[in-house]
Each structure stands twice: as structure tokens, then as C-alpha cells.
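Assemble chains B and Z onto chain L, guided by the hints.
Keeping their order, the protein sequence lines are chains L, B and Z.
The working numbering runs 1 ahead of the 1-based position in the first sequence.
The working numbering runs 120 ahead of the 1-based position in the second sequence.
The working numbering runs 6 ahead of the 1-based position in the third sequence.
Keep in mind that the hints were calculated from the coordinates and are not lab data.
Careful: at least some of the hints might be erroneous.
Claimed, not checked - With the C-beta cut set under 8 Å, the calculated list includes, among others, these residues of chain Z facing chain L: (1) Leu133; (2) Leu140; (3) Thr184; (4) Ala206.
Claimed, not checked - Pairs of lysine-lysine, PhoX-like flavour, derived with a Cα cap of 20 Å: (5) Z:Lys299 - Z:Lys161; (6) B:Lys237 - Z:Lys161; (7) Z:Lys299 - Z:Lys154; (8) B:Lys174 - L:Lys128; (9) B:Lys174 - B:Lys163; (10) L:Lys80 - B:Lys174; (11) L:Lys137 - L:Lys127; (12) Z:Lys38 - L:Lys166; (13) Z:Lys270 - Z:Lys367; (14) Z:Lys367 - Z:Lys438; (15) B:Lys211 - L:Lys137; (16) Z:Lys190 - Z:Lys270; (17) Z:Lys299 - Z:Lys355; (18) Z:Lys445 - Z:Lys355; (19) B:Lys237 - L:Lys166; (20) B:Lys163 - L:Lys133; (21) L:Lys127 - B:Lys237; (22) Z:Lys199 - Z:Lys270; (23) Z:Lys438 - Z:Lys355; (24) Z:Lys154 - Z:Lys355; (25) Z:Lys38 - B:Lys237; (26) L:Lys80 - L:Lys26; (27) Z:Lys199 - L:Lys111; (28) B:Lys237 - Z:Lys40; (29) Z:Lys40 - Z:Lys445.
The model shown is predicted, which means the values in this text are computed figures rather than measured ones.
Note that beta-carbon positions come from the ideal geometry of N, C-alpha and C, so glycine has one too.
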Amino acid sequence: MLPELFFVYFAFAIILLSILVVTRKNPVHSVLWMLLLFFHIASLYLFLNAEFMALIQMIVYAGGILVLFLFAILLVNIKEEIRITRFIGAWPTGLTFAIGIFIVIFVSIKSFVLGQQGTYTIDFIKKESHTKALGKLLYTDFLYPFEIASLILLVAIIGAIILAKRRIKS
Amino acid sequence: MPGTYLPSEYLPVLIFILVAIAFGIGALLIGTVFRLKKQYFEKLMPYESGITPKGEPRYRFSIRFYIIAMLFVIFDVEAIFIYPWAVVFDKIGMYAFIEMVIFIVILFIGYIYAWRKDAFQWD
Amino acid sequence: MNLQLPPLGPIMPEIFMTSLALILLMADLFIKKKEVLAGASILGVLVVAYTLIGSSGSTFGGMFISDGYSSFFKAIFFINLILSVLISIKYIRIERVNFGEYYSLIALSTLGMMIMASAADLIVLYLGLELMALSTYILAGFIRYDIKSNEAALKYFLLGAFSSAFLLYGISLIYGLTGTTSIKAIASFISEKGLVGNPALSLSMTLFVVAFGFKIAAVPFHMWAPDAYEGAPTSITAFMSVGPKAAGFAVLGRVFMIAFASIKFEWTFLLIPLSILSMAIGNIVALAQSNIKRMLAYSSIAHAGYALIGVIAANTDGVASMMNYLMIYAFMNIGAFAVVIMLRTEGFKGENITDYEGLAKTHPFLSALMLIFMFSLTGIPPTAGFIGKLYVFMSAINAGYTWLVLVAVVFSVISAYFYLRIVMYMYMREPKIEVGTSKSGTLGVALGVTAVMVLAIGVYPKCLVELARAALSGF
Numbered sequence: 002m003l004p005e006l007f008f009v010y011f012a013f014a015i016i017l018l019s020i021l022v023v024t025r026k027n028p029v030h031s032v033l034w035m036l037l038l039f040f041h042i043a044s045l046y047l048f049l050n051a052e053f054m055a056l057i058q059m060i061v062y063a064g065g066i067l068v069l070f071l072f073a074i075l076l077v078n079i080k081e082e083i084r085i086t087r088f089i090g091a092w093p094t095g096l097t098f099a100i101g102i103f104i105v106i107f108v109s110i111k112s113f114v115l116g117q118q119g120t121y122t123i124d125f126i127k128k129e130s131h132t133k134a135l136g137k138l139l140y141t142d143f144l145y146p147f148e149i150a151s152l153i154l155l156v157a158i159i160g161a162i163i164l165a166k167r168r169i170k171s
Numbered sequence: 121m122p123g124t125y126l127p128s129e130y131l132p133v134l135i136f137i138l139v140a141i142a143f144g145i146g147a148l149l150i151g152t153v154f155r156l157k158k159q160y161f162e163k164l165m166p167y168e169s170g171i172t173p174k175g176e177p178r179y180r181f182s183i184r185f186y187i188i189a190m191l192f193v194i195f196d197v198e199a200i201f202i203y204p205w206a207v208v209f210d211k212i213g214m215y216a217f218i219e220m221v222i223f224i225v226i227l228f229i230g231y232i233y234a235w236r237k238d239a240f241q242w243d
Numbered sequence: 007m008n009l010q011l012p013p014l015g016p017i018m019p020e021i022f023m024t025s026l027a028l029i030l031l032m033a034d035l036f037i038k039k040k041e042v043l044a045g046a047s048i049l050g051v052l053v054v055a056y057t058l059i060g061s062s063g064s065t066f067g068g069m070f071i072s073d074g075y076s077s078f079f080k081a082i083f084f085i086n087l088i089l090s091v092l093i094s095i096k097y098i099r100i101e102r103v104n105f106g107e108y109y110s111l112i113a114l115s116t117l118g119m120m121i122m123a124s125a126a127d128l129i130v131l132y133l134g135l136e137l138m139a140l141s142t143y144i145l146a147g148f149i150r151y152d153i154k155s156n157e158a159a160l161k162y163f164l165l166g167a168f169s170s171a172f173l174l175y176g177i178s179l180i181y182g183l184t185g186t187t188s189i190k191a192i193a194s195f196i197s198e199k200g201l202v203g204n205p206a207l208s209l210s211m212t213l214f215v216v217a218f219g220f221k222i223a224a225v226p227f228h229m230w231a232p233d234a235y236e237g238a239p240t241s242i243t244a245f246m247s248v249g250p251k252a253a254g255f256a257v258l259g260r261v262f263m264i265a266f267a268s269i270k271f272e273w274t275f276l277l278i279p280l281s282i283l284s285m286a287i288g289n290i291v292a293l294a295q296s297n298i299k300r301m302l303a304y305s306s307i308a309h310a311g312y313a314l315i316g317v318i319a320a321n322t323d324g325v326a327s328m329m330n331y332l333m334i335y336a337f338m339n340i341g342a343f344a345v346v347i348m349l350r351t352e353g354f355k356g357e358n359i360t361d362y363e364g365l366a367k368t369h370p371f372l373s374a375l376m377l378i379f380m381f382s383l384t385g386i387p388p389t390a391g392f393i394g395k396l397y398v399f400m401s402a403i404n405a406g407y408t409w410l411v412l413v414a415v416v417f418s419v420i421s422a423y424f425y426l427r428i429v430m431y432m433y434m435r436e437p438k439i440e441v442g443t444s445k446s447g448t449l450g451v452a453l454g455v456t457a458v459m460v461l462a463i464g465v466y467p468k469c470l471v472e473l474a475r476a477a478l479s480g481f
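One chain only, chain L, in its complex shape (with noise of 0.2 Å):
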């Protein structure tokens, strides 16, 4: 009972978070919305008994993509950006879509049956601790999409100096 009542109020914090988010005015005021999802998305992730996915959560999203949103924002006017009326007129026909996808998730979510259950069970990660058996995985069967993060990593840094560093010849 108690593990599902705290699932409700996550689940519900976050909707409404999320909402929060994206319907601020201020920018900032999203931002700073957005660090307390990123603490109930965190704590969901311990709910599922990923206690390392937990503070990667709160170490790379609320520490540092969090500051890359600021940042991406004081890039911005944000006295303009307040002034203006930010949201197109077709909002009508996107709430419409949404609701319709919406309905659609919800009818076929409803016949969903849990496939196959794997050899990491909670009692299996709780006497290995996460970390262990995260680690394990990721670096024996899941070393190639590893590598291939590398070099997704590699793309964000030359991307971010391309386009942001270079000064413009012309």
C-alpha cells in the first residue's frame, strides 16, 4: 500500500510539474520548476530500486543540464521574452491532437502484459548493490552502445565549439 501511494504522488507531482514547465511565462521560473522534477523524476528512479540512476539524475540533470538551461536562457531577452505573448495561435488544434493521443495510449496501455523477467531481480540487485550490477552489465554485454556513447560525446563537444566558439568570418 505504502510503496504504491508514494508512486501516485510522484507520478501526479510530476504531470503537474511538468505542466508547470512549459506554461511559465518567465523562463527562469520553468527552470527552476523543472530542478524540482528532475528531484521527483529522481526519486522515482529509487522506487524502481536504481539508486545509481537516482544521483546520475540529480548530478547530470539537476547539476548540470540545469545550468545549461540557465545559461541557454540569460542568452536570451528575457524582459522582451516576458512582454510577449509567447504561444501560437494553434494551440486549439495541438490540445485536440494530444488529447487523441492521449486516448489512443490509454485504450491499447490497458491490454499490456509484462514480457519476460530478466536475471537482475530486486533481491538479486540489492545483495549485489546497483552500482555493481549496473557496472557489470554495461561493461560486458553492453560494451559496444558504451563505445558508441563515447563518440556521441565526442559530436556534442565538436558541436558545441562549431557553433558557439568560432568567431564569424565574413
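Chains B and Z only, in chain L's frame:
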């Protein structure tokens, strides 16, 4: 599945968060009860270490901050990949060492690239 | 634990491609003459293509597979890379973006495509897709002082990220349903456990259609394409109208033909409207364009519709004809873009369709080449475009979709109007303005190769068709 597992060992963290929230709200509440409610121009001014603020506080920042933040996030993620690796290193051994060397070499090339392109230089 | 290194034979082309990209990135720091890097990237790709010959089999616990199917697609990517580099050397100098990272990013993007084509696991597929897409976003915004290039990169990025979200949702659903991300294991689990007809499975499949639809720019997920194609540097437009599209088709074919093989009926039901809409909107909206890059963008949407017919046929013949079509499309489309680049000179964009008026009088040879590419894109014999369409349509008729082929033929006839309008402008109008060309040896080579290939495949298609069929043995 969410809702089937309770991380009970994190109860102290929950209590800590609740106490922190209660402390923050409590301090503000006590302040509103006891403080003087006189408001005048100087008091309502934004506090900038006692110096009269001049100019607009909201202005556009230089894009340099963004590059620094971006590079920080990238190397942050790289460092995090090393963490679970270090935990299981003794179990996997040489195999793990080789794969981490490849990973770090690829990112080190990115680091040299960023360095040579003066990404770490302010101007 | 003593682990053995997984066999590296199948993955050799990827390892060489990674090294090539890294070497190019490092060389850029020391070499002032960036043309050297262009030459190095072409030579490097030839080496990579050579390593492709010996690589086959699967490795990394079945996450990566190198078979005929993936090798055929990798050949398309290599051709795409070489031709794109050939047409860009002079062009990026004219645009003043002659930077070394350009070649490195093209190599990394191609590496992403290769990983996609070889992915036998959904996680690898996703990471390959991101690697390809991220590099292409940066390339689309490469001309930083040009607001249109910025717009192209931003639109491409936002909608690409949106489609990635759909893909991830689809992957997570299928992972929940089956407990595995391996494409083969998903297929066997679905048929064993009788998941066929489960609405949650259909939802997951639909999300895959949406995500791949974005990548191949099929209507109604094409919104980004015209702006991104128009704003991006022309050489990159050529690169991304062939590469990411072919990679999208590669994963579309593998995921749908293998993982979702048992719900064939459902996904063909979804892909048919996608294909018809792509042909309809692509061909009809292209009629109204006055910018040639925008026109070719809509034409690329329409061609995604034609190639989809091959997937809809849902048998090896159909997939082989789709692969053929993409190979032919690579040659004719990059050829057409090479002509567009030829007209870009210092201080003159040369992107308006009216710039082609009377081109045959001033530049008869260039006009003749453009004529070949336009005929091929329309699908007029004896060009390769005709062969591509012929085989796609034949496979669809054999699979019982005669009505769909009739629709496609009608739209092909409509498409003749805007392709042949360019030909008409070139040959039947008087030149109004002086149009120069930017001649360069490499551009000439690219034009020559594409034109010869378009005609050669058109006259003697048997070789390519056999190659595609053979590639599919054991698929």
C-alpha cells in the same frame, strides 16, 4: 514495476528533506510574525552589497558561459561512466581496462580538439 | 572473471571509420590546407569499403550484425560520403565555411548510419541514430552567419529530438512487453507468446512508424524537410537527403521485416497511407516551388513514398527493390545537387528556378547533365530512375498491390511537370541574366560519375538488381 518496492533505507533522506522544508517555511513564518512592517524606498531596493544598484539586472550574457557549461556537462557525463567501472574493475579485469582506455582516448581527442580551438580560453 | 574479447572481424569497417573520423579531427588542428582533409577522407572511406568485404557475422552478443543487407546499405553510405565530399570542396570555400571539422562530422554521421544499418539490438539502433542525427544537425547549421542555415539546424534538431522521443517510447514499450531489446528475440517472443493483435504491441509499432517516418521524411512527418533542406549548405542537403533517408529505410526494413514480422498486416496498413500521402504532398507541393532546393526537398519526400512501396510489399523482392531504389536515388539526387552547386558562384546564389532559363545556350554540357538527372528523377527510360521505379512497382504488383502502383504512376506523371519544367526552362527560354558556373575538378568528377552511373544502371540494370537480391540471402 513502480509501486512494488519501497526503498526503506532512504527514510532518513526523506525525513531530512521534510525537516529542511519545515525549517525554511518556519523561519520565514517566524520572521513575518516578529519583524517590523515598515517599508520605504531604500529597503525595497534590490540588495547589492550596500551599493546603489545601477542598470538593468537582466541583460544578455556572453555565449562563452554556454560553451563552458556545455563542456562541463560532457566531461561530467564522462566521469560518471567511470564510476560504475571502478566498482566492478576488480571483477572484470583487463577486459574492462581496454574498453575504458578506448572510451577515454576518444574523449581525450575531443579534449585536445577543444583545447587547441581555444575553447577553454575566455577570449 | 576472465572475458574473451568479442570477435572484431564483423565490426572492422566501423572501427576504421571511427579511426578515420578521429584522425581527420586531429589532422584539422595541424593542417592549414583543408583540401588535404577532403582527399584523406575519400581515401579513408575507400579503405573502410575494402574492410567491408571481409566482414560478416555477428558480434557483441548478437547486438551487431554484418550481413549482405547491412553491407549493401553501407555501400550506399560510402557512395553518399564520397560524392558529397567531392561536391563540397569548392562549395564550402565559396560559402566561407572551409573548416576541417566538416569532413570529420561527415565521417561521424556516416559512422552513425553504418551502426544503424548493422544494429541487431534496439539500443544500438537508437545510439547509431543519435550519432548520425547529431552530426547532421551540426552540419545543417554549418554556415553560421547565414540565418537560414541556423533556422535549418534548429528546425531539424527540434523535430529530430521529438522523433527520438517517439522512438524511445516505442522501444521502452516493446522492452516491457517482451523483456528484451534484441530484434531477433523480440520476433520469436511475439510469435511464441501469442502477442499478435495486442493493442500495446500495435502502439509500440505505431511509435516506430512515427520515428522512422521522421527520419525518411514521409508525410505527415515531413514538416522539417523543406526548411532544413533549403537552409542547409547545398552539399549537406545532398548528403542528408540520401544518407539519413537510406539509414532510416535500413532500420525500417530490419525492424519491421524481422521484429514485427508477425504483425505484417498491421504495419502495411499504416505504411500504405504514409506512402500515398508522401507521393501526393511531395509531388503536388513541389509544383508550387520557386527555389530549386525546396523543390528537390519535396521531390525527396515523394521519393520516400515510392521507396516505401517496396517495404509495403513486405517480401524479399520488395525489400530488394527498395534497396535498389535508394542506391539509384543516391546517384541521381546527388547529381542534381551537384548541378545546383555548380551554379553557386561568388555573390550569386543560383537557387531560383528562373536562374536556369536558357542555361542550354550558355552551358550546353551542364544542361545536358541536368536533363539526365531530371529525366531520372521523373522515371523516364533509359535512366536509372525508371529502373528503380519499375522494380518497386513490379514487386508491389506481385504482392497484390496493383491499385497502389496505379496511384504511384499517377503521381509520377504529375511529378513530370515540375522536373521537366526545369528542362523546359533550360532549353526553351532565352537567358535573362548572366549565370556563371564554379568549375572545379572534383565537382566535375562527381558529375561525371553520377551521370555515368545513372545511364549505366538505366541501360544495364541487371548487375545492381542481382547485387541487391544476393545481399538479401539469409535476411
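Right, here's what the structure says about each hint:
Restraint check, Z:Leu133 versus chain L: the minimum CB separation of about 4 Å is within 8 Å; hint holds. Because the beta carbon of Z:Leu140 sits about 5 Å from the nearest beta carbon in chain L, less than 8 Å, this interface hint is met. Interface restraint check for Z:Thr184: the shortest CB-CB distance to chain L comes to about 4 Å, inside 8 Å, so the restraint holds. Look at Z:Ala206: its Cβ gets to within about 4 Å of chain L, closer than 8 Å, so that hint holds up.
Restraint check for Z:Lys299 and Z:Lys161: satisfied, since their Cα atoms lie roughly 16 Å apart, inside the 20 Å limit. Restraint check for B:Lys237 and Z:Lys161: not satisfied, since their Cα atoms lie roughly 27 Å apart, outside the 20 Å limit. Proximity of Z:Lys299 to Z:Lys154 is assessed by CA-CA distance (about 13 Å); at most 20 Å being required, the pair is judged to hold. Straight-line distance between C-alpha atoms of B:Lys174 and L:Lys128 comes to about 60 Å, which puts the hinted pair past the 20 Å bound.
For the proposed pair B:Lys174 and B:Lys163, the alpha carbon gap of about 16 Å is at most 20 Å, so the pair holds. Between the alpha carbons of L:Lys80 and B:Lys174 the distance comes to roughly 16 Å, so the proposed pair stays at or under 20 Å and holds. A hinted pair counts as satisfied when its Cα atoms are at most 20 Å apart, and L:Lys137 with L:Lys127 qualifies at roughly 14 Å. The straight-line distance between the Cα atoms of Z:Lys38 and L:Lys166 is roughly 19 Å, inside the 20 Å bound, and the hint therefore holds.
Our distance criterion of 20 Å between C-alpha atoms is broken by Z:Lys270 and Z:Lys367, whose separation comes to about 53 Å. Between Z:Lys367 and Z:Lys438, the direct Cα distance comes to roughly 11 Å. Compliance with the 20 Å bound is thereby established for this hinted pair. At roughly 8 Å between alpha-carbon atoms, B:Lys211 and L:Lys137 fall within 20 Å of each other, so this suggested pair holds. A threshold of 20 Å between alpha carbons decides the hint, and for Z:Lys190 with Z:Lys270 the separation of about 15 Å falls inside it, so the pair holds.
A hinted pair counts as satisfied when its Cα atoms are at most 20 Å apart, and Z:Lys299 with Z:Lys355 qualifies at roughly 11 Å. For the hint pairing Z:Lys445 with Z:Lys355, the CA-to-CA distance comes to about 15 Å; that is within 20 Å, so the pair holds. Of the pairs offered as hints, the one joining B:Lys237 and L:Lys166 holds, with about 8 Å between alpha carbons and a cut-off of 20 Å not exceeded. The hinted pair formed by B:Lys163 and L:Lys133 fails the criterion: a straight-line CA distance of about 55 Å is larger than 20 Å.
A distance of roughly 46 Å separates the Cα atoms of L:Lys127 and B:Lys237; the hinted pair therefore is violated under the 20 Å criterion. The straight-line distance between the Cα atoms of Z:Lys199 and Z:Lys270 is roughly 17 Å, inside the 20 Å bound, and the hint therefore holds. Simply put, Z:Lys438 and Z:Lys355 have alpha-carbon atoms about 16 Å apart, close enough for the 20 Å limit, and the pair holds. Of the pairs offered as hints, the one joining Z:Lys154 and Z:Lys355 holds, with about 13 Å between alpha carbons and a cut-off of 20 Å not exceeded.
Pair hint Z:Lys38 plus B:Lys237 holds up; C-alpha atoms about 14 Å apart against a cutoff of 20 Å. Between L:Lys80 and L:Lys26, the direct Cα distance comes to roughly 11 Å. Compliance with the 20 Å bound is thereby established for this hinted pair. As the CA atoms of Z:Lys199 and L:Lys111 are separated by approximately 18 Å, the hinted pair is consistent with the 20 Å bound. The suggested pairing of B:Lys237 with Z:Lys40 holds, with an alpha-carbon distance near 16 Å, which does not exceed 20 Å.
Among the hinted pairs, Z:Lys40 with Z:Lys445 is consistent with the structure: their alpha-carbon atoms are about 18 Å apart, no more than 20 Å.
Hints 6, 8, 13, 20, 21 from the earlier list are contradicted by this structure; the remaining hints agree with it.
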